[in-house]
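Build the complex from these two chains, which are given one at a time in their own frames, with help from the hints.
Spelled out, the chains give:
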Amino acid sequence: MRHVAKLVAASAFAALMTAPVLAQTPKDAIVMAKQIDDIISLDPAEAFEFSGVEVGANVYDKLMGVDLKNNNALVGELAQSWTVSPDNLTYTFKLRPGVKFHSGNALTAADVVYSFQRAVTLNKSPGFILAQFGFSKDNVLEKVKATDDATLVVTVSKPFAPTFFLNCLTSGVASIVDSKLVKANEKDGDFGNAWLKLNSAGSGAYKVRAYRPNEQYALDANEAWYKGAPKNKRVIVRHVAEPASQRLLLEKGDVDIARNLSKDQLAAVKSNANVEIVQGDKGYILYLGLNQKNPNLAKPEVREALKYLVDYDSIERNIVEGTYKGHESFLPKGFLGAITDKPYKFDPAKAKELLAKAGLPNGFTVTMDTRSVNPITDIAQAVQSTWAQAGIKLELIPGDGKQTLTKYRARTHDIYIGQWGPDYLDPHTNAETFAINEDNGEEAKSKTLAWRNAWDIPAMTKVTQAAVLESSAEKRKAEYEGLQREHQKVSPFVIMFQQVEVSADRKGISGWAIGPSSDTNFYAPIVKN
Amino acid sequence: MFGLLLVTFLIARVIPIDPVLAVVGDNARPDVYEKARLDLGLDKPLWQQFVIYIGKVFTGNLGTSVLTAQAVTEDIKRVFPATLELATLGTMIGVSLGIPLGVLAAVYQGRWPDQVARVIGLFGYSIPVFWLGLMGLLLFYAKLGWVGGPGRIGVAWQDFVTPVTGVLLIDAAMQGEWEAFWDGFSHLILPSAVLGLYSLAYVSRMTRSFMITELQQQYVIAARVKGMSEARVIWRHALRNAFVPLVTVIALSYAHLLEGSVLTETIFAWPGLGRYITNALLNADMNAVLGGTLVIGAVFIGVNLFSDILGRLVDPRTR
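Residue numbers (my numbering), protein chains in the order written: chain A, 1 to 529; chain B, 1001 to 1319.
Source of the hints: derived by calculation from the structure; they are not laboratory data.
Computed from a prediction, not measured in an experiment: that's the story for all the values here.
Careful: at least some of the hints might be erroneous.
What the hints assert, rightly or not - Cut-off 30 Å, straight-line C-alpha distance, at most; resulting in silico cross-link-like pairs (DSS-like, lysine-lysine): (1) A:K462 - A:K158; (2) A:K293 - A:K393; (3) B:K1077 - A:K187; (4) A:K270 - B:K1143; (5) A:K445 - B:K1143; (6) B:K1035 - A:K158; (7) A:K402 - B:K1044; (8) A:K402 - B:K1056; (9) A:K187 - B:K1044; (10) A:K402 - B:K1077; (11) A:K137 - B:K1035.
To be verified - To give an idea of the chain A side of the interface with chain B (calculated C-beta under 7 Å), a few residues: (12) T25; (13) S41; (14) F128; (15) A356.
Just so it is clear, CB atoms sit at the ideal spot from N, CA and C, and this is done for glycine as well.
Bound conformation, chain B alone (with noise of 0.2 Å):
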C-alpha cells in the first residue's frame, strides 16, 4: 500500500505537467499563479511533499480536490457507491450465466453448446466495450426504449431519493420510492450488462475449465457408477469442486468492475470513480488521483481477503 503511493505520488510530480494550471488555468496572472503553488506545496522540495501527504493520509485527510473544490474523501464517498452498484450487477448478471454457460460448455465439449459458449466468450473478450455501450443504447434506449439513457436516473426522478448509502436502488428501495427504484434500474441494467458480458466471457472460460478438470476425475466415475443422475453428479459434485478455484476468479473479475470502467461510465455518463480518477488525472488534480488509486488498493485487498475467507467456507478441507 505504502509502494503503490510512493509510485502514485512520483509519477505524478514527474509527469511534464504543472499542477498549478488545473488551479488557476492558463490566463491567470503571475501573483495569483505563485499564491496558488505556495498553497500547494510545490515550492518544498520533493521528499518533504510527500512525507506532508503521508501524515495527512494516517489523519484521514486526502486533501482537497481541486477540481471539484471538495475534499477528495466526500468526493469518493459519492462517486464510489455509483461505481460499486454497476459493478455488483455486472458481477451478479456475469456469474448467473457465465457460471452454466460454463458447465454446459465443458458437458458438452466440443459440441455445439461448446461452440456457442465460446462465440459468447470470444464476444466478450474482443469487442471493445464503447461500442458495444454505444450500440446497445442505439437499440435498446433509441430504438426500443427499454430501458433509460445515458445517467443514474430520469431527471423527473431527481433529487426524490435522499443519499444515504449512495448506492440509489438500495437508498430508493430504503425511502420506499419504487417508481424511482425501477428507473434508476432501468439506468443500471444496460451498463451492468456491458460490464457483466466481459465478466460472462471470463466466468465462463474459466469455469469450462476447471469442470473439465473435475468431470475427468475418479469420484465423478464413481458418482455414476452408483447411478446417481446426470444432473446430480454435475452439479452437486462436480461444481462443487470446481467452485473452490471460481471463487477466486469472480473475486478477481469483481476486483477488476470496482476499480470503475472508465469508457463505460463515459458513454453512460455514470458518475463513478474510473471517470473521477481519470478525468482527474488528465488535469493533473493530484490529490485526487492518489486518493483514489489508495481507494482502489484497499478495494483489492479487501476483496482478494474475502475471497480467501469465502475459499475456506466452501472448501471443508480448509477447515
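Looking at chain A on its own, in the form it has when it is part of the complex (with noise of 0.2 Å):
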C-alpha cells in the first residue's frame, strides 16, 4: 500500500512541477496559427493553393502589382516602366535597377526569361495563366527575350487587352526567380522543381528559413528588399488545424495572429480585450451550380423561381455572418468590371407563380451534393427548407469534399453547392468559367464552370471571348458589366456569397491586411508593439 501511495505522489509531483510556460512570443517574430496542409509546393510555378501562393508572395518579387489602397489599380514593381505596342501585341519592360537576390545575384532581365520559361515548361496548376497569351516550351524563348539586362520584350499571340496581360503578371506563377541558384539546384532537367518545392530563391520581402510540411514554415526578413526591410524580422506560421486551439494559442498569447477561427470562436474571441479582428474580402464566391442535363433545372422559368428561392439575407445573418457577405454575380468585388447588383430576394410567391408557368406547378424532386464541411451543410439545409415551401423536395448527398467534386466533374451531379476561387487578378479568370462554353460534347477540350452545367451558349461564349481582346480598360469594364447583368438573369448559376477573410490577432499587432487573393496577403507591413 505505501508503494501505490508512493508511486501516485511521485506522479503527481512530476506532472505538477512542470514548468509553467511563458506565454509570450519572441519580439522581432510574428507567429501565426493557421491551416496550412493545403500547400503541396512553395515553387511559384507549381503552387496554387491558398496556402502555397501566400508564402510565394511574401518571398518572390513580380514585374507588376496591384496597389491595394487604390482599387486594385495596376503598378509596376520589378517593372519600372513598360510601353505596349499599338497592335497590342508586344510589350517592352524596362527592369528596375539595383534589386537584388537574396542570394546577392543582381536581378536581370535574364531571369525574367528563365522564370517565365520554366513556368510554361513544367506546365504545372497555374502554368495555363501565362500559357494562354500563347506562350509554349517549344517557343518561349523566341516570344520572351532580353535585349539587355534590363529590358524585356515580350510578344503575345493575339492583341488581347493589356489589362488581361499585365493583370495575369501579377499571379504568383509570374514570380521571378534567381536563375543562378535555381539553375545550381537543377536535377534531371527539372527547372529547380523538386529543390523549389521546400526552398526558396526570391528577391521578395522575405526568404524561407525553414519548411516542413503540415508542420510549420518560417521566414526571415531581407532586410535588403527593394521596398525597404519588412517592419519584423521573421514570420513563422505554424500549422494548426483546430480552429479551437487556434482560439487558445491565441488568447493565451502563443500566437500573434490566428487565422482560421470558426463564426463561433470569433464572436467569442470579441469580448477578449487584448484580440482583434481584421477582415478582408476574398475573392471566393457560393454558388450553385444546376445541371442543365435535369429536364426540369433547364427550364429557364425553373432557374429564375429557384434564384427567388434563396433566403440570402437570413442565411447571412444566421449561418455565415462576418465570414461571407451576400454576391449575386460573378465577379467578386475588387475586379475589374465588378457589379454589386443584387436582383434576386427571398419571393416564394413570385418563384411559384414562375414555376407554374413551367408546367410544375406542385414543384419536382431533385438532388443536390454536398460537402460535409461547415458552412456548406448549413447553408444546404437552409436552402433545402425554402425550396420545399414552393414544393421542391431537395435530397442533399452528403459527401467529402473530393467525391462531391469527382462527380461535379463527370457532369452527374443535379446540382452541386461549392465555391468558386479566381485564378488571378483579371475578370476574364471568372468570366471565362462561368460564361464560356465552346463546346458542350462529353470530351471537350475546356471545361468550364459553364461546361459542368452543361449549359450551352454559344452567343455568350462569343461575347465573353471578345471582352478579352478589348484594349480600352474603360470599355472592357462595361462589357464585363452588361455580360454578368445578362448572367444573373440567364444562368444556371445561383450566386449567393462572396467570402470575407477574417483573422483575429492580439491587440499590439499592426499593419496586418487581408488582401483581395491569397498572392497580396503581405506580412512585411505587420509591427509589433
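Following this line, the structure appears as C-alpha cells:
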C-alpha cells in the first residue's frame, strides 16, 4: 500500500512540477496559427493553393503588382516602366535597377526569361495563366526575350487587352526566381522544381528559412528588399488544424495571429480585450450549379424561380455572419467590372408563379451533392427548407470534398453547391469559367463551370471571348458589367455569397491587412509593439 | 502484410475520388490534368498498378506524397517519432498508474477503492478524447499555465534542437538543450496524459480481473498461511503471476496508441502519424496512405513479437 501511495505522489509531483510556460512570442517575430496542410509546393511555378501562394507572395517579386489602397489598380513592381505596341502584341518592360536576390545575385532580364520559361515548360497547375498568351515550351524563348540586362520584350499571340496581360503578371506563377541559384539545384532537367518545392530563390520581403510540410514554415526578413526592410525580423506560421486550438493559442498569447477561427470562435474572442479582428474581402464566390442535363433545371423559369427561393439575408445573418456576405454576380468585389447588383430576394410567391409557368406548379424532386463541412451543410439545409415552401423536394447527398467534386467534374450531379476562387486578378478568370462553353460535348477540350453544368451558350461565349481583346480599359469594364447582368438573368448559377476572410490578432499587432487574394496577403507591414 | 497492402490498395482505387485532383487541384486545365494522370500511372490497368507498387515497396520506395511533395519514407521518418514519443509517454502514464489502481481495486473488491477505480475507468473509456483534450487545454494551459499549448515545442525553442532520432526529448537531452527539453516536455505531458487516461482505463480493468483470479489461487492462501505480510503476498506473489497476461494487454494498448490518435493529434497540433494518414486519406494521397498503413502493420507485428518475447522472460514456465 505504501508503494502505491509513493508512486501516485511521484506521478502527481512530476505533473505539477512542469515548468510554467512563458506565454509570449519572440519580440521581433510574428507567429501565426494557420491551416497550412493545403501546401503541396513552394515553387511559384507550381503553387496554386491558398497557403502556398501566400508564401510565394512574401518571398518573390513580380514585374507587376496591384495597389490595394487604390481599388487594385495595376502598378509596376520589378518593372519600372513598360510600353505596349499599337497592335497590342508586343510589350517592352524596363526593369528596376539595383534589385538583388537573397543570394546576392543581381536580378536581370535573363532571370525573368528563365522564370517564364520554367513556368511554361513545367506547365503545372498555374502554368496556363502564362501559357494562355501563346507561350509554349517550344516558343517561349522566342516570345520572351532579354535585349539587355534591364530590358525585356514579350510578344503575345493575340491582341489581348493590355489590362488582361498585365493583371496576369501579378499572379504567383509570374514570380521571378534567381536563375543562377535555381540552375545550380536543377536535377534531370526539372528546372529546380524538386528543390524549390521546399526552398526559395527570390528577391522578395522574406527568405524561406525552414519549411516542414504540415508542420510549419519560418521566413526570415530580407533587410535589403527593394521596397525597404520588412517591419519584423521573422514570420513563423504553424499548422494548427483545429480552430478551437488556434483560439486558445491566441488568447494565451502563444501566437500573434490566428487565421482560421470559425464564426463561433470569432464571436467568443470579440469580448477579449487583447484580441482584435481584421477582415478582408476574398475573391471566393459561393454558388449553386444547376445541371442542364436535368430536364426540370433546364427550364429558364425554373432556374429563375430557384434564384427567388434562396433566403439570402437569413443565411447571411444566421449561418455565415462575418465570414461571407451577399453577392449575386460572378465577379467578386475588387475586380475590374465587378457589380454589386442584387436582383434576387427571397420571394416564394414569385417563385411559385414562375414554376407554374414552367408547368411544375407542384414542384419536383431533385438532388444536391453537398460537401460535409460547414458552412456548406448548413447553407444546403437552409436552401432545402425554403425550396420546400414552393413544393420542391431537395435531397441532400452528403460527401467528402474530393468526392462531390469528382462527380461534379463528370457532370453526373443535379445540383452542386460549392465555391469558386479566381485564378488571377483579372475579370477574365471568372468570366471564362462562368460564361464560356466552347463545346458542350462530353469530350470537350475546355471544361469550364458552364460546361460542367452542361450550359450550351454559343452567343455568350463569343461576347466573353471578345471582352478579353478589348484594349480600352473603360470599354472592357462596361462589357463585363453588361455580361454579368445578362448572366444573372439566364444562367444556371445561383450565385449567393462572396467570402470574407477574417483573422484575429493580439492587441499590439498592427499593419496586418488581408488582400483580395492569397497573392496579396503581405507580412512585411506587420508590426508588433 | 501483403493482404493488408492489397486491401488498402483496392479501397484506395475503388473509392469514387479522383486522385489526380489532389495533385492539380480543381481549376487545372485538361492538359495539366492529363499529364498528372499519366505521371501517377493511372492509365494502366489496376493489377499492373498494383504490381508496380509492390515492386517499388520491395526496393524500399514508397513513392512520393502528393501533399507534402516528399518521399513517403521521409515523411514517415518525420511524423512517426512524434507519435512514438506521445504513445510511449502515454503508455508509461497508463501503466504506472493503471496497474496499482487495478491491484487496489482487486484487493478491495467491492469497496470504495474499487468504486473509485471503476469510475476512473469509466471516464477513460467514455469521455470523448477531443472533449477531454480541449478541456485539458482550457484548464492546464489557458487558465493555470502549467503546461505548453498545442504544438510540439514553443516557438522560442524552435530550431534549437537538431533532429537526430526525431524524438524531441531524446534529441534535446543528447544535445544538452535542457530548457528546450523542459519546454518540449511541457507540450508533451498533456496530450500524453489524455492518451494515458485511455490506456489507464484499459490496463486497470484488466489488472483488476487478473488479480482477482490470482488472489483466489491456492498459492496465495499458502503464502498467507506461512505468515507473509499482505503487501508481499499481493505485490510479489499475485501480481507477478498476473503480470504475464498483462504484458500482452499493455503491448496491445501501446500498439494501439502507436497507430496515432487522430483526434488527439489534431487538437494538440501534433505532427504525428495518425493525422498524416487521415489527412492523406481525405485528399486521396494514396502513396502516403499505403505507406502509413504499411508502417502500422509493421509496428503491430513488431510490438506483438516483442510482447511474446517479454512474456517468455517474465514467465519461467515457458522458458
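Quick one: which hint numbers does this structure break? Sort them smallest to largest. As far as the earlier hints go, 5 and 15 are violated by this structure, in ascending order.
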